[in-house]
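Chains as they are written, first to last, in numbering that gives the first Met the number 0: chain P, 0 to 352; chain B, 0 to 352.
For the record, the hints were derived by calculation from the structure and aren't laboratory data.
Remember, it's a predicted structure, so these values are computed and weren't measured experimentally.
Hints are supplied without guarantee of correctness; some may be wrong.
[Stated by the list, open to error] Taking beta-carbon pairs under 8 Å as the criterion, some of the chain P residues facing chain B (in silico):
id: 1; residue: G27
id: 2; residue: V44
id: 3; residue: A121
id: 4; residue: S125
id: 5; residue: I199
id: 6; residue: E314
id: 7; residue: G326
id: 8; residue: L331
id: 9; residue: P337
id: 10; residue: R341
id: 11; residue: L349
Backbone N, C-alpha and C fix where the C-beta goes; we use that ideal spot for every residue, glycine too.
Protein chains: 2
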Amino acid sequence: MLESGSTIGILGGGQLGRMLALAAARLGLRCHVFAPSPDSCAFDVVHRVTCADYADAGALDRFAADVDVITYEFENVPAEAASFLASRKPVIPDPDILAITQDRLSEKDFIAKLGIQTARYASISSLDTLECAIEAIGLPAVLKTRRFGYDGKGQVSIREDTDPAAAWRGIGQQPAIVESFVLFEREVSIVAARAQNGRIECFDLTENEHRDHILARSRVPARVPDALAREAQAIAEKIAAAFGYVGVFAVEMFVLSQKLLVNEIAPRVHNSGHWTIDGASVSQFEQHIRAIAGWPLAKPRRHGALEMINLIGDEVKDAERWLRHPGACLHLYGKSAPRPGRKMGHVTLLGGD
Amino acid sequence: MLESGSTIGILGGGQLGRMLALAAARLGLRCHVFAPSPDSCAFDVVHRVTCADYADAGALDRFAADVDVITYEFENVPAEAASFLASRKPVIPDPDILAITQDRLSEKDFIAKLGIQTARYASISSLDTLECAIEAIGLPAVLKTRRFGYDGKGQVSIREDTDPAAAWRGIGQQPAIVESFVLFEREVSIVAARAQNGRIECFDLTENEHRDHILARSRVPARVPDALAREAQAIAEKIAAAFGYVGVFAVEMFVLSQKLLVNEIAPRVHNSGHWTIDGASVSQFEQHIRAIAGWPLAKPRRHGALEMINLIGDEVKDAERWLRHPGACLHLYGKSAPRPGRKMGHVTLLGGD
């Protein structure tokens, strides 16, 4: 168990790192954030910062020397940086898990091997393999780069009238997967924490709405039968156990004809779990800090029905309106420029307003 | 209205400053903490710190230049420092209010002039005046220095067998007041926020238990009739309006035969309001930040019945037990040495466990 007053190293300086640091502070822990960008919003709330590139071995070395345990706020931390650090201090969750989830193909293979359903998919390495896969899987489908995709980046839809060659060029002719397009009824996610002793605590199944591939709104509880919610938890537990995972993670799923198809695993705190800050007795951020510190997890209690609304780009201009809205809890991330698609803050609505 | 990304200056680096800074961070605001002690626990969670004496004019000047608005976490900020700063940037709440509440006599006179009941009291400037006052007020009574008293410091009980001269020496023969000892049924407090436009939002009346003059436990709602709880709110509103107060404050009161006697005003966030972090839709810390930033206040909603337990001195060693306790939300302040009487953290118990 990490002692109170210890220092947690966080790779990445965005809002997830910021909210992790705020949760650590509640527990008497210090944070040191490592991030390449000088205007990282997590820098404002921590004891120490390192602003350096992930390839800067000297900076990584000094960072490792200053902290007691290292975690990350996003899944695209370069594998080299993670393993360099892991040779110096505990990096949790294990960088080997990062390596799997950074690659959409190995992630899907991992899930499928556990007997968990996903959309039909195939590995793509050339235009030929893409044409074969379309034949096998059918249309519509989505072509996605294997690596570095998030919020809709690195993906192209393929319909009856799409030229496969154009789609292949569209993603830069990189190693990819093609997935059958799922006409889902709902998108849901489970956010859960797994402790070093293997104990798992799940937050309630959350229903998500995306707009332009970016999460716009979550509501909890998800409007699905109890049996399906329990199945979602069982899937999350199976995945976490197979990884030997420690910390918080999210599993995004589609609901289709009373079945669940796993879409993606996020090996980190997740936007669809932001409601837990105001809406539960323990937040996803605190559960993650507890897990990586080797502390016991809390059993979350939810404060009724809730919604979470992201403030994306110019929507941050509604902040004053949200300050006046009954039952609304406003979070702003302290970012300067409200660029389109940039997550600037979020609102939790208590009591299902 | 202060813009998001602005910097709030906080005088004082203890746990109240720390929790104010964490609340400001949720709202996208930066904090700069000014405190004399290098191991101030608020330093760990803010953008910038100044470690200097309150008499250091150069440091105060640089601090004022870096921030947009200034507030304080405790009422014993030297009046000179507050007025020096007030000539440079807005200091909220108004330092004139500090001057009144820093002096027990002027505080009691202020309350009495509003027609609000207190214990009987008298001004003491010599052994003679003390002996007269005991005659008038009766025993038991409490002799308290007019200035710099908190958590039971600077006060002496006077009973039938107490030598008044010894009591007078006991508080260092300083200007003082003597108060009739109130055999109260309960101690309660109202924590409330007043906005720049005069609007007031009160948190629910809280019942407090002290041990060795230090708050040990709070519970909410207080076990008093509704009419008394409403009267407590009316008293808080009257005091705040008379001060033209902006920010969060607390009024401590005694309950005696279905009457309320005001004991003390704290012109700041207050230990008996810590339950609001986990137990309400908005915390006292966020309300204070909203008020001093000129933002609208939120209407607090409480998550059921609650208790707050302070972890004082060695009680912080129970932290691991509290981590495992169902419905317990643990807060540690990141202080190194658990000295006797030192507030090290607190626990909020949800659902009245």
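- Item | Index of numbered hints that the structure contradicts, given in increasing order | 3, 4, 5, 6, 9, 10
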